[in-house]
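Each chain, letter by letter, is given below.
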Amino acid sequence: MSVHDLVAITALGGSEPCVETVGAVTCTEVPGVALASVAARLGQESKAAKALAKLIGSPAPGIGRTSGEALTAFWAGPEQWMVEAPFETHEEIADQATTAMGETASVTEQTDAWTRFDLSGDGIPAVLELLCQLDLRTLDEGSAARCSIHHVGCFVLCRTSRLFSLYGPRASVGTLHHAIITAMRSAL
Amino acid sequence: MIINHPLLGPRDASEFAYLGDASLIDRPDWQAENAAEAFYEYAYLRDNPVGEHRELWFHEAGDRSWLVVTRNTMTHEISKVELARDVARARGRSK
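So the sequence lines, in the order shown, correspond to chains A and B. Using the numbering used here, read the first sequence as starting at 183 and increasing by one per residue. Using the numbering used here, read the second sequence as starting at 9 and increasing by one per residue.
Source of the hints: derived by calculation from the structure; they are not laboratory data. The structure displayed is predicted, hence computed values, not measured ones. A couple of the hints might just be wrong.
Stated by the list, open to error - Computed far set for chain B versus chain A, every beta-carbon distance over 10 Å:
1. 18
2. 22
3. 27
4. 28
5. 54
6. 89
Claimed, not checked - Chain B side only, calculated, beta carbon under 8 Å to chain A, not exhaustive:
7. 15
8. 20
9. 23
10. 69
11. 70
12. 73
13. 102
Heads up, the beta-carbon is just placed ideally off N, CA and C, and yes, glycines get one too.
Let's have the full structure, built from the sequences with the hints guiding it.
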């Protein structure tokens, strides 16, 4: 059977990413991301941090931080990180991470487990303070935090003061999108 | 109630799930002679103290770490919060 007529769709089901603007904030669905989780093995924590640093080209992110350039990593928990990169160029991110980490860490492919929304513009904190319980005054450029949004476990990443990324489970994408847009309409 | 997470700072208690007495860390040796008795006690017998109590909390809506929280059951005052892995390792576990 031919597979030539299959059409790629985004997590929300569209052929193009969903983009919605309310006031000065734009929420954009971002489908083109490759993800892998990296969890250091017992007794290998410092070696794992070094291997991760080599993979992303900058020191492994500390508690609640992100770092890296082409490949970026963000802190997910004690001795655990998520590595992200453009899907276009790093579809095999998990293989790449597995090779780089060797015996120091366990790597799991996460690309299709998560969905990402980027919030850009002015007044993002007003939206986030309706969505989550994070202390937004402590979030600055390069911060990463895990929290609950609308009862869904999510990551909130502060790229700059005018650009935040939210990662949530792909299976709950509709719920998460509804929560974000409702908060935007309410706050802005 | 606020739990002062050792890594992340103050977080609302609603982000956490409560498991129970921190003695659950001390799982008995299943190969010991008295394993049946030890597991009976481990599974069913708890102290029910008035005052200071050490308990396991899970940061479910956060970094997913397990904590040992020392809490006063009368006042809800939290006097100490530790990572459960540090407590377990100090008792010779996971080595």
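Status of each hint after checking the structure:
1. For residue 18 (chain B), the condition that its CB be more than 10 Å from all CB atoms of chain A is violated, with the nearest at approximately 8 Å.
2. Consistency note on residue 22 (chain B): stated as away from chain A, yet its beta-carbon is not over 10 Å from all of that chain's, at 8 Å minimum.
3. Distance to chain A confirms residue 27 (chain B) as a non-interface residue, since its nearest Cβ pair spans about 17 Å, more than 10 Å.
4. The claim that residue 28 (chain B) is not at the interface with chain A holds, since no C-beta of that chain comes within 10 Å of its own (minimum 22 Å).
5. Taking the minimum C-beta to C-beta distance to chain A, about 28 Å, the non-interface status of residue 54 (chain B) holds against the 10 Å cut.
6. At the 10 Å boundary, the C-beta of residue 89 (chain B) stays outside the reach of chain A, the nearest C-beta of that chain being 14 Å off.
7. A least Cβ separation of about 5 Å between residue 15 (chain B) and chain A falls short of the 8 Å threshold, and the interface hint therefore holds.
8. For residue 20 (chain B), the interface hint holds, the least distance from its beta-carbon to any beta-carbon of chain A being 5 Å, beneath 8 Å.
9. Among the interface hints, the one on residue 23 (chain B) holds; its C-beta lies about 7 Å from the nearest C-beta in chain A, closer than the 8 Å criterion.
10. Satisfaction of the interface hint for residue 69 (chain B) is found here, the shortest Cβ-Cβ separation to chain A being roughly 4 Å, below the 8 Å cut-off.
11. Hint status for residue 70 (chain B) relative to chain A: holds, with the closest Cβ pair at about 5 Å, below 8 Å.
12. Using the Cβ-Cβ criterion of 8 Å, the hint placing residue 73 (chain B) at the interface with chain A is satisfied: the shortest such distance is roughly 6 Å.
13. Residue-level restraint check for residue 102 (chain B) holds (minimum Cβ-Cβ distance to chain A is 6 Å; threshold 8 Å).
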